[in-house]
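Since chain A is already given, all that's left is putting chain B on it; use the hints.
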Amino acid sequence: MRTNADQLVELAVCGEVWPPTGANTQYKATSEGKSTVTLGMAGICYSARVGDPAFGWEADHLEPGASVRNRLNGPEHALHYLACMGNQAVVTSGSAQGAVGTVTGEHAHILVDFEPDVLDLLAIGDRIQIHALGTGLCLLDHPDVRLHKCSPRLLDALRLEARPDGTLAVPVVAEIPSYLMGSGAELMADYVDQDFMSNDRAEIARYGLDKLRLGDIVAVRDQDHSWGRGYYSGAITIGLIIHGDSAWTGHGPGVLDLLASRGPAIVPVPDPDANIAWRMGIRERGAVANALPVSSYAIYG
Amino acid sequence: MPSDNRSQLITVGVQGNVSSPEYPSLPASPYEIGADGQPELRPSPGGIVYNVKVGDSAFGWLADMVQPGAGIRNPQDGPNHALNILSCIGNEAVVVSGRALGARGTVTGKSGRFAEHVIVNFPREVLEKLAIEDRVLVRAHGRGLALTGHPDVQLKSLSPRLLDALETRETADKLHVPVAAEVPAVLLGAGSGLLNESGAVSIQTDHAETVREHGLDRLRLGDIVALRDYDSRWGHGYRRGSVAIGVVAFGDSRRAGHGPGVTVIMSALHGRIEPVIVAERNIATLLGLSVPLAAAV
Chain A
73 MRTNADQLVE
83 LAVCGEVWPP
93 TGANTQYKAT
103 SEGKSTVTLG
113 MAGICYSARV
123 GDPAFGWEAD
133 HLEPGASVRN
143 RLNGPEHALH
153 YLACMGNQAV
163 VTSGSAQGAV
173 GTVTGEHAHI
183 LVDFEPDVLD
193 LLAIGDRIQI
203 HALGTGLCLL
213 DHPDVRLHKC
223 SPRLLDALRL
233 EARPDGTLAV
243 PVVAEIPSYL
253 MGSGAELMAD
263 YVDQDFMSND
273 RAEIARYGLD
283 KLRLGDIVAV
293 RDQDHSWGRG
303 YYSGAITIGL
313 IIHGDSAWTG
323 HGPGVLDLLA
333 SRGPAIVPVP
343 DPDANIAWRM
353 GIRERGAVAN
363 ALPVSSYAIY
373 G
Chain B
472 MPSDNRSQLI
482 TVGVQGNVSS
492 PEYPSLPASP
502 YEIGADGQPE
512 LRPSPGGIVY
522 NVKVGDSAFG
532 WLADMVQPGA
542 GIRNPQDGPN
552 HALNILSCIG
562 NEAVVVSGRA
572 LGARGTVTGK
582 SGRFAEHVIV
592 NFPREVLEKL
602 AIEDRVLVRA
612 HGRGLALTGH
622 PDVQLKSLSP
632 RLLDALETRE
642 TADKLHVPVA
652 AEVPAVLLGA
662 GSGLLNESGA
672 VSIQTDHAET
682 VREHGLDRLR
692 LGDIVALRDY
702 DSRWGHGYRR
712 GSVAIGVVAF
722 GDSRRAGHGP
732 GVTVIMSALH
742 GRIEPVIVAE
752 RNIATLLGLS
762 VPLAAAV
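Line by line, the protein sequences give chains A and B. Heads up: the first sequence is residues 73 to 373, going by the working numbering. Heads up: the second sequence is residues 472 to 768, going by the working numbering.
For the record, the hints were derived by calculation from the structure and aren't laboratory data. Only true hints are included.
Computed beta-carbon distance windows for the label pairs:
1. G615(B) x G353(A): 51 to 59 Å
2. R689(B) x E247(A): 28 to 36 Å
3. E511(B) x E356(A): 44 to 52 Å
4. Y99(A) x L740(B): 19 to 27 Å
5. Y99(A) x R689(B): 41 to 49 Å
6. I603(B) x G353(A): 51 to 59 Å
7. G208(A) x P594(B): 50 to 58 Å
Over 10 Å on every C-beta distance to chain A, these chain B residues come out as not near it, computed from the model:
8. S491
9. R614
10. P631
11. E641
12. D644
13. G686
14. E751
In silico lysine to any residue, SDA-like type, Cα no more than 20 Å apart, as pairs:
15. K283(A) x R273(A)
16. K106(A) x P622(B)
17. K283(A) x V366(A)
18. K100(A) x G615(B)
19. K645(B) x I748(B)
20. K645(B) x D475(B)
21. K106(A) x E668(B)
22. K106(A) x D623(B)
23. K100(A) x H552(B)
24. K100(A) x I556(B)
25. K106(A) x L740(B)
26. K100(A) x L666(B)
27. K100(A) x A553(B)
28. K106(A) x G615(B)
29. K106(A) x A617(B)
30. K100(A) x R584(B)
31. K100(A) x R614(B)
32. K106(A) x L666(B)
33. K106(A) x H741(B)
34. K100(A) x G549(B)
35. K600(B) x G573(B)
36. K100(A) x E668(B)
On a predicted model such as this, the values are computed, not experimentally measured, just so you know. In this text, a Cβ means the ideal position worked out from N, Cα and C, and glycines have one as well.
Bound conformation, chain A alone (with noise of 0.2 Å):
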């Protein structure tokens, strides 16, 4: 796969693990109408790493590994822009100094994948340095595909294939239909992600949606995510699942943005195993969670 990787200049970024936040008003209306008070988002999470189920924790937009952020505005979004998936993050304070995780999505924070060794001695408030690599990436021999937020490491473990017709074959976990395209939808492709819409639990199940794992390759049909995040009848979208499901109407597991096209130039294709925990060697397909039940707020009537 030719790409332009040689001209792409790698450079740092930086923020620091962030605490989960309250408010005085804490609680939130679940998709029934029900009061809930939610966690998941910020902080350190010792429970939920990359390739681990997206549904059935009791939490709302699970943030897996450590969630960083830097408290400057314009740094921030340099954080946001910048960091691609895949890339090296380096604790550069705190007990855990030199230590090296992988950048696995992009949501309120930039989330790493860290082992569990590591995440024991992380701290709030511990400096992290991630090495951007990424933007600006070209397919050569696919001008009509526009990437976002992949790093070179990662476009090798999304295992693309050129086929002879010239489109790009992409390994997908599942397809997700146009019209389960969620909250996100009002923001340009480059920032954060945009969440599937899991509140209709029946709809989801239908498509296998409820079986995704953190780091699974999606593919949505008839969206286009060149630019900003909309409906046009023949585009397609590869994604990363990024952060769990939730209880919140139009919102559901993250879909973070990695290639777009207006036209067919991408065909999905297919493949289970298709997810960045272990085609980027960060976690043995062993060792993951077993898929857990249905969370609480999952259950309705």
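Same frame as chain A, but now just chain B:
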């Protein structure tokens, strides 16, 4: 006409200032990037729009998400949330400062995320006297409105005045609502995941052919529309069999995921709301607002 609990509702004053269009400071660029990746510079939403009003086409204006009339916003976040949450479509608005002091208008919609405006219709001669930062008081009335026979039809942003004008018809288990058009869930974009207490959900217009197939290219600002397979009882999101009813509050956009915005006024599961498509259904006529101008190109 269905009976309801309006006698128990309070009317409360909430207030905002006439807003101004805004652009980011340098070195940021003012362009909106279209769904096709092309940048354009267009008037951003808000301010005082003199020549677009409810009843006009939602399409064809060279502006991003044009708000017909005056967009108002409170400069403080807490009071602005109250303004946006408590204002209902059909509520009376009164100018309480400046040259148009005492002039009255009508709330016709709410803008989406990032703008956070309440949109108010005023007669043209009032718009001519309005100044940015003039204060506008909304007599907010309708929060908590519920239909006695249909407790599972959730009402939001709906004034008793507009409810009466909707001319709904009830049968034992359904509420029949006349609408100008129906929007399929696949065309609903920006707004999904946000709460329905204020704001709007946008009809995605990037794929013009699909928009035309559903007759939505004829939509006008102020039209009453039904959203199919869409649940807006709490937040906005897909739910098979649900129907929401809303008012087209602001105009089209070139951005992916965006387009004319619909402020939702009713939402229910399981087919409790039955939309009935009629030739014309627009709040300009239903509420007796100013006569519509000719549609844009």
